[in-house]
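Go ahead and model the full structure; you've got the sequences and the hints to work with.
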Amino acid sequence: MFRRLGSGMLILILSRAIGVARDLVITLAFGLTLTTDRFYQAIFPMTCVIAIMSGPFTTAFAARLAAQQIQMRRAHLKQIGSRIGWVAGISCGLSGLFALVLWCSPFATYQALAVPIALLSPAIAAAIVVGYVAAVAISAGRVAAAAIGNLTANAAFLLLAGSAWLVVSDPQDWLLPLCYGLAMVFALWPTWAIYTALRRNLPARSDGTPEKIPIPGFVRSFSFASAESCVFFATQLVVLVIASSQGDGVASASALSQRICFSVIGLFVLPFASLVMLRIIGDIPVARSVFMQNLGLLVLVLLAMGGVVLQVILPIVQRFIAPDFGALLGSFLPPFAFWVLPLGANAFLCRVMFGLGLDRPYTVITIFGYLVANVARVIAASFGGLGTAILAGAAVEAGLSLVLVLITLRRLPKKNRPK
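Numbers 1438 to 1856, taken from our numbering, label the letters of the sequence shown in order.
Pairwise CB distance ranges, derived in the manner of DEER restraints:
hint	residue 1	residue 2	range
1	Gly1744	Gln1683	23 to 33 Å
2	Arg1797	Gly1767	34 to 44 Å
3	Ala1630	Leu1808	38 to 48 Å
4	Leu1534	Gly1822	34 to 44 Å
5	Val1801	Leu1603	47 to 57 Å
6	Leu1537	Val1840	39 to 49 Å
7	Gly1518	Gly1744	41 to 51 Å
Simulated from the structure, these hints should not be mistaken for laboratory data. Positions of the beta carbon are idealized from the N, C-alpha and C atoms, including for glycine.
Take a look at the structure:
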């Protein structure tokens, strides 16, 4: 398991490093201004789409394939891929329609977001396709291949945004969304190559089995996982609204802090959790002691990464940006670093519990926990600002993680069962 995880770690590290560099370039080149605030506000739906595909869709897809012992075949890839294509096209159209509604709005703030969202519409369709291919790669244990799409998008955006900074003297609100949209569409090129390679390695048909069969339980698992993610998006929206209400540049500083801290989850937690999930529902049943060892390792890594963020990354960032921006990041990075601990634990527990068939209790408890955490954030924000709100919500979510751990332990056997 650790060998497969390590084989893709280099690409994951590179992808996350470029993703952080992307937001650092935005900060260094364009500052923490109203223009960058609008970019992060416009990109929020895009972030939700990417999170849906990398989280709920991948979890449900890989879990149900493994649980039902369904071997992916070329016909399945084509059948599901055609439906994903329709979803991508419809999502692109709805995003364009939403941009048109904003353009017709009588409020200048909404009108300013219309063009950036319209430019990001093709990127939303591209993100859905990239996410689908990544899910197929994860289900096949190809962690490195799953990260290629996002790696390409981040690298292309970094190149385009850096070039725009050198060429354009007076950047407009549409510049950054245009760069991101072009980068995401460009990511379809390596994604198609990965799709072709995965399809080539799949058997054409299986004797005695219908060529086209559904994935039992996929819709149910995906629905539960998506419901939990939608509440998490509401959490992200609450944070964005609180940050946007505290002055120009605060939303950008908050987004940069999130990017730096949350990269830990995409870098280590999600691939690690996927492999643990596949082990649980595969040939080797996992006992409580093994689960706790994996969870303990995860917590230690999250604590170590939090220390790296505060002791290494924060001083470097503060050294190269303006003092005012550095002060903002210095006040936001510690709360976000603490928030990574419950978020990382919950991401791990999500995939483990879905692998054990505990999707219903996980979803119900998590939704309730997020709602309570958001109430705590709103109340805390009225007293101490964004940093206090982040800490208050993270404390509630840490308690939620403990409840989920206890439920998981009740389901797992006390000792390893023989193969």
